[in-house]
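Student: First to last, the protein sequences are chains A and B.
Under this note's numbering, the letters of the first sequence match residues 1 to 113, in that order.
Under this note's numbering, the letters of the second sequence match residues 1 to 114, in that order.
Please keep in mind that the hints were generated in silico from the structure rather than gathered at the bench.
The structure displayed is predicted, hence computed values, not measured ones.
Just to be clear, a hint being listed does not mean it is correct.
[What the hints assert, rightly or not] Simulated crosslink set (DSSO-like; lysine-lysine; CA at most 27 Å straight-line):
(1) B:Lys-41 x A:Lys-70
(2) B:Lys-41 x B:Lys-64
(3) A:Lys-70 x A:Lys-36
(4) A:Lys-51 x A:Lys-36
(5) A:Lys-70 x A:Lys-57
(6) A:Lys-36 x B:Lys-41
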Amino acid sequence: GQQVMQIPQYQHVQEGEDFTTYCNSSTTLSNIQWYKQRPGGHPVFLIQLVKSGEVKKQKRLTFQFGEAKKNSSLHITATQTTDVGTYFCAANAGGTSYGKLTFGQGTILTVHP
Amino acid sequence: GAVVSQHPSRVICKSGTSVKIECRSLDFQATTMFWYRQFPKQSLMLMATSNEGSKATYEQGVEKDKFLINHASLTLSTLTVTSAHPEDSSFYICSATGGGNEQYFGPGTRLTVT
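With the rest of the complex left out, here is chain A (with noise of 0.2 Å):
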């Protein structure tokens, strides 16, 4: 089946620095599609790209999705304890697979005050 490949596994930042985790597939994806999860909590939806080198941004959030529509990024700047949780990537498949969606292993961001 389809897989995601996500990355890094953990990352630590001390507030204010910036953050990136990266999504790669090895099939073109339908769609991307970025949620955050917080300790304790469950999957909230982020954002979603469709287009081939989509590039949008909430706040200090950048998400792109690459030309080849394999790969995306999000990328938050100037990071804030708010910003903890796990990140995760979730492709699309689109076809007969539309609507269901592979998740990523998912990036646990830790911010130290």
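Knowing the structure of chain A, use the given hints to seat chain B on it.
Tutor: Here is chain B on its own, set in the frame of chain A:
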């Protein structure tokens, strides 16, 4: 909008008993609901896809007779863990879509089987 509830939030049961978990979309009609399992500090593993009025589609390796899914209405899906064993202890999360691609997750159910 797009709120999904899950009940119960926590359940402890004895080995051999069955547990039912409910997933409800509160303010939208969910055309599709998904059931995931998550172990500590790990990713979400899709167990099955549930469409209202039809049989659930299970992922490879998931026993359909052990994890019974019923999607009786556009706002309710249930997962029943039958004859639970300690290895079934996990965090079970449902999600729902209303026709778009994004999934809205319930708060999860932490199951402990003793």
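Student: So, for every hint listed, does it hold in this structure?
Tutor: Hint check:
1. Distance restraint check for Lys-41 of chain B and Lys-70 of chain A: the Cα-Cα separation of roughly 25 Å lies within the 27 Å cut-off, and the hinted pair is therefore satisfied.
2. Taking the CA atoms of Lys-41 of chain B and Lys-64 of chain B, the gap is about 26 Å. The hint holds against a cut of 27 Å.
3. For the suggested pair Lys-70 of chain A and Lys-36 of chain A, the alpha carbons sit about 21 Å apart, so the restraint of at most 27 Å is met.
4. Our distance criterion of 27 Å between C-alpha atoms is met by Lys-51 of chain A and Lys-36 of chain A, whose separation comes to about 21 Å.
5. Distance restraint check for Lys-70 of chain A and Lys-57 of chain A: the Cα-Cα separation of roughly 19 Å lies within the 27 Å cut-off, and the hinted pair is therefore satisfied.
6. Only pairs whose Cα atoms come within 27 Å are accepted, and Lys-36 of chain A paired with Lys-41 of chain B is accepted, the gap being roughly 13 Å.
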